[in-house]
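Asks: Each chain, letter by letter, is given below.
2 protein chains.
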Amino acid sequence: MPDAAPRRSGRTEQSGTVSVPDEPEAGPPTTARRPTPGDPPRRSALDPAVAARLRRTADGLVAAVVQRHGTGEVLMMAWMDDEALHRTLTTGRATYWSRSRQEYWVKGATSGHHQYVRSVRLDCDGDAVLVTVEQVGAACHTGAGNCFFDELPVTGTITDPQEDR
Amino acid sequence: MPDAAPRRSGRTEQSGTVSVPDEPEAGPPTTARRPTPGDPPRRSALDPAVAARLRRTADGLVAAVVQRHGTGEVLMMAWMDDEALHRTLTTGRATYWSRSRQEYWVKGATSGHHQYVRSVRLDCDGDAVLVTVEQVGAACHTGAGNCFFDELPVTGTITDPQEDR
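Chains as they are written, first to last, in this note's numbering: chain W, 9 to 173; chain B, 9 to 173.
No wet-lab data here; the hints were simulated from the structure.
Cβ coordinates follow ideal geometry from the N, Cα and C atoms, glycine included.
Among the hints, erroneous ones may be present.
Claimed, not checked - Simulated DEER-style distance windows between Cβ atoms:
#	chain 1	residue 1	chain 2	residue 2	range
1	B	R63	W	G80	24 to 32 Å
2	B	S108	W	P56	20 to 28 Å
3	B	P56	W	G153	23 to 31 Å
4	B	A57	W	T150	14 to 22 Å
5	W	D55	B	P56	38 to 46 Å
6	B	G164	W	R63	23 to 31 Å
7	B	F157	W	A59	18 to 26 Å
8	B	R51	W	A57	36 to 44 Å
9	B	E159	W	G145	21 to 29 Å
10	B	P56	W	G164	14 to 22 Å
11	W	R63	B	R63	19 to 27 Å
12	B	A59	W	D55	37 to 45 Å
Work the whole structure out from these sequences, hints included.
Replies: Structure representation (structure tokens):
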């Protein structure tokens, strides 16, 4: 069984955006326990019609794929629970749920590398959203332009197929 | 406690690619039980150096963001466990783990809408891969060109920022 450390410790003292970290992986992991599948979801003001279409992971999250508006560059992937999606839709500022810290974070709040939301699209089976943004500065907390800089070797590459598109 | 229904029922009878479904959401959900965080991971031949960098969901998965090679179009998001990533890297055919069916699926195996892998990049914190592909036909099992056709209303749009890029 998981331990009984306090939950949601990062949620009660937010005022504005400044106190919310935007580089959740840079600090030590939280000691708050992970939610388990039997836990009730965190409360959210998300439109129930949208919430009903989400198909979440065991810990209540959907994948948020973030793409730079106008260029197609995929910048990062982060996680949203219902409330993070609600805040993203209603503030126009990309807001995520940190799995390691168990708290919300607004991209750019501490780094200045803001993400101004242009569009949010849900996928066909409700487990991912595609967020297009105006990205200020580096999208990755490492300082890289995007988070996908670690290329893995594809050893089974197939020669170009005859495509029907 | 979860029930004790058999696991991995879809793994033992693959021969080639034809028997593997590629539209995992079209059928009824499996009755196989979901893995819980205490379960051992499914066995995989994935390079241990890559496996060590993955930061998986509670059910052992990373998000696979799939982008069309050359255009930037984000086609879909699916899930990979270690073995699905291994198969993707070593066969050059995009291979995923179906959460609903609890089995592997090779995109295009039944639909003909193949994904020939051009590159796979891991993100900075190991919880997502970006897969660029040559997509044959429609990427979405609905017949749509991509899965992200359900636009959600962004009510808090901020006017264009002064950008520093």
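Asks: Does each hint hold? Answer for all of them.
Replies: Status of the hints after comparison with the structure:
Distance hint for R63/B and G80/W: a CB-CB separation of about 26 Å, consistent with the stated range 24 to 32 Å. Distance hint for S108/B and P56/W: a CB-CB separation of about 23 Å, consistent with the stated range 20 to 28 Å. The beta-carbon spacing between P56/B and G153/W, approximately 29 Å, falls within the hinted interval of 23 to 31 Å. Between A57/B and T150/W the CB atoms are about 19 Å apart, so this pair conforms to the stated range of 14 to 22 Å.
For the hinted restraint 38 to 46 Å between D55/W and P56/B, the CB-CB distance of approximately 44 Å keeps it satisfied. At roughly 25 Å, the beta-carbon separation of G164/B and R63/W lies within the given 23 to 31 Å, and the hint holds. With their beta carbons about 19 Å apart, F157/B and A59/W fall inside the hinted range of 18 to 26 Å. Checking the proposed 36 to 44 Å range against R51/B and A57/W shows it holds: the Cβ atoms sit about 41 Å from each other.
At roughly 27 Å, the beta carbons of E159/B and G145/W sit within the given window of 21 to 29 Å. Take P56/B and G164/W: their Cβ atoms lie about 19 Å apart, and the range 14 to 22 Å holds. At about 21 Å, the CB distance of R63/W to R63/B agrees with the hint of 19 to 27 Å. Checking the proposed 37 to 45 Å range against A59/B and D55/W shows it holds: the Cβ atoms sit about 39 Å from each other.
Checked against the numbered hints given earlier, the structure satisfies every one of them.
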